[in-house]
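Trainee: Residue numbers (numbering that gives the first Met the number 0), protein chains in the order written: chain A, 0 to 776; chain B, 0 to 159.
One or more hints might be untrue.
Partner residues aside, some chain B positions facing chain A, computed with beta carbon under 7 Å [what the hints assert, rightly or not]:
id, residue
1, Gly36
2, Leu98
3, Thr104
So these bits of chain A aren't anywhere near chain B, every CB distance computed over 10 Å [stated by the list, open to error]:
id, residue
4, Gln8
5, Val122
6, Ala447
7, Asn742
Worth flagging that the hints you see were computed from the coordinates, not collected in a lab.
The beta-carbon is built from N, C-alpha and C at its ideal position, and this holds for glycine as well.
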Amino acid sequence: MSIKGGVHQDLIHDSAAKHVSGRAEYTDDILEPVGTLHAYLGFSTVAHGRITSIDLSAVRAAPGVVEVITADDLPGENDVSANGMHDEPLFATDEVLFWGQPLFAVVAETRDAARRAAALAEVSYDTLPHATDIAASRAAGAPLVTPPLTLKRGAVKPAMAAAPHRIKGQMEIGGQDHFYLEGQLSLAIPGEDEDVRIFCSTQHPTEVQHVVAHALGVPAHSVTVTVRRMGGGFGGKETQMNAFAVIAAVAAKRLNRPVKLRLDRDDDMSSTGKRHDFLAEYEVGFDDEGRILAVDGDFFARCGFCSDLSGPVTDRALFHADNAYFYPDVELRSHPLMTHTVSNTAFRGFGGPQGLIVAERIVEEIAYHLGRDALEVRRANFYGPGRDLTPYHQQVTDNIMAEVVDELVATSNYAARRQAVLDWNAKGGIIRKGIALTPVKFGISFTATWFNQAGALVHVYSDGSIQVNHGGTEMGQGLHTKVAQVVAEAFQVDIDRVKITATTTDKVPNTSATAASSGTDLNGMAALNACEAIKARLAAWAADKAGLPAEAVVFGTEGVSVGDKVTDWAKFIGAAYMDRVQLSATGFYKTPEIHWNRDTGQGRPFYYFAYGASVSEVSVDTLTGEYRVERTDILHDVGKSLNPAIDLGQVEGAFVQGMGWLTTEELWWDDKGRLRTHAPSTYKIPVASDIPREFNVKLASWSENREPTIKRSKAVGEPPFMLAVSVLEALNMAVASLDGYANCPKLDTPATPERVLMACEALRSAPAPAKVLEIGE
Amino acid sequence: MSKIHVTTTINGDAVEFLADPRETLLDCLRDHVGLTGTKEGCGTGDCGACSVELDGTLVCSCLVLGVEASGKSVQTIEGMATDSELHPLQRKFVEHAALQCGFCTPGILVAAKSLLDRNTSPTEEEVRYWLAGNLCRCTGYDKIIRAVMDAAAELRGEAA
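Construct all of the structure, not just a fragment, from the sequences and the given hints.
Mentor: Laid out in structure tokens, this is it:
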């Protein structure tokens, strides 16, 4: 007999019944206190310029307006930067650095009144030249928002010079809007003294607490931040909620009334950061077998107007520019470029996808150059014995890449299907097919080592019910469910006894963002640590009463046994309470063994790696560029899964989100520096009719984490996002068929139908222009 | 602007509220009637999170004025389950783990029910295209499609 809801079981999301009945409470659903006011923002309308005058009289006079707040009205600092670099003003005061930068806030009786009033500001600017993209920023002298990183091992120049083959190339990699379905919002409720309580849709309550405290000029102890759940986060609520929480809090304290700020979707998309777009320039040297000898790469990122998280994001791009491949001699350099755009930020994978995709493109280039199946080239370059050192000098000790790929090759019937695709294309029709198998190796841990800590608070009440709180936030990923499973397993009680409550800074302090896929690894361990403390007290007490050693106390499915006497859990706890045993404990965890020296570019930044692979097959209409994904097979490693149902959902969702990044999601700024794809009408995330027609997703059930993580599981949030690279390279192959695979089409991303069509046209027209005429006739 | 007295039926109950004539049905449901299961994702009719039925027609409630509900019947997510039992679609979404953050879930369920009310045995392709107006950023849709197909089978009386 086992308990209901222990670890390694399929278990539904703890809020599922509420989700389907509309009863799950998101921040905007919290009953507003009487007297709640609504704030909104006035935004800049130039990409770069000096403010010459700002007239807010019409805003103040608008119906329903209670207050207008500018930088002068802030009690503390006009800064919401997440990293202490003080380079991100809440309100632009003199110089505007992107279109959509907040200038002031207006507070009114209704949200509608506040929005209408905000539009009445009269602002004049002296416009200055702007650089909104990577090319323009480089042309303007390539200013950086944060110090760059170089990763280096061996001597790349001589190794490159000695290589039998060399290819130079470049790849443009597009950004991505998070498109969390629930937009940014905060509700601030003033309290006595300097206190303020904030309900905020955030992945990082502790950071909101600190930034609000700075803006109010009060100690952190006066600010409490709470989030029960988010309607999606994906990294977009790791720092980007700061400004909105600050405005709500400042207004609430100033007016002594509750204030809510909820952004409209268009303003949310224009004024919050996104995934960084990159330009990679690479050179690879390799031998006749396709084995990589040397890689030299530059990674230019559009970071936006300030640093935000661009330092660690561009670092992580370099950390993943090897993906699963050994580079004997290597040098990789990041260029975190300042641009006159919103400051780009965390997004699932955190730069990793932009690095990894370049490794995959390098492999594809080699394969086309040598006329081989790219899978052979991939296998020839996997890390292995004696070839296991990364460009950051961490040894890869838990490598299961080859096992994962071998199994997927077999279960997806890759070889026969690839032959069928080649045969199909050989017929020379309009519809061309492509198939690609791409691997993923992803490093787990925050590269800022100090973030790898977590706290938890576990209460056992005298009726035997258990309340758990931890520093992680729930954004749909099932973190609370997994942590509750860990607690149920620890006490050997059914999960129905365990309730996880809203994440809040007054229960567990000094938390890290729920990010870097680390939520379960860190918070699960912290919760377990608290459970073990309570169990130790209970065991000592029960053993002492029975005159037995503590080992005689066993927490079992039937109850707690002391020697041969078994007592029902609730009765046991009731007795412990009556005998004055402390039934509450805090827990703590810090990831062991990791270290990283950014100055030398050496260390062990990652505790372990997660692995996965996918095969995608696509059909492309070469006359229109339209395509569809016919089938995708995935095998992904989550170690010993805590909850396979939840993990499968993460893998599927991450793949489709990654597919959107690489295919349909195009961010487009006009020549004035204004984002024109600021709503779902023009910015296209995948819909139900876009996903693979056949979608076979499996977890590598045989895998166990070699490190002692929580129940030997592995993190799952980010790694599967990059499985979508197989779609891009399958599209690449379908296009390449037009000239007999003689050239790698080098599709940039997103590979929109427009881009695919242009790639088709380039291949059709370049080698034999006469053929274009034939088609024209 | 002076408010208008709206008399309507929501989930079978007679409901009255006062609405600014510019207010959307979505805002009226959430702010005046206290039915917060219907969500705003985009406010421009492109994401489907605010889906409700108005006299049996599937609409984005952000594109309908509250006053337009006058004399009509509105069906929201809150009316899908009975007091004691989830609708088969809701139950199948739970069983198939066809949700993550849950924010799009009410709109998708309302849209899916609207499909099954019209077509008791949709093909997988029909389900995909019917739901193409409902954005989900978490799940990748596959489990949603499975859940709808499974619920349709159960509603037809077929064994799952």
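Trainee: Decide, hint by hint, whether the structure agrees.
Mentor: Here is how each hint holds up against the structure:
no. : hint   : result
1   : Gly36  : holds (2 Å)
2   : Leu98  : holds (5 Å)
3   : Thr104 : holds (5 Å)
4   : Gln8   : holds (13 Å)
5   : Val122 : holds (25 Å)
6   : Ala447 : holds (26 Å)
7   : Asn742 : holds (33 Å)
Violation of the numbered hints given earlier is absent; every hint is satisfied by the structure.
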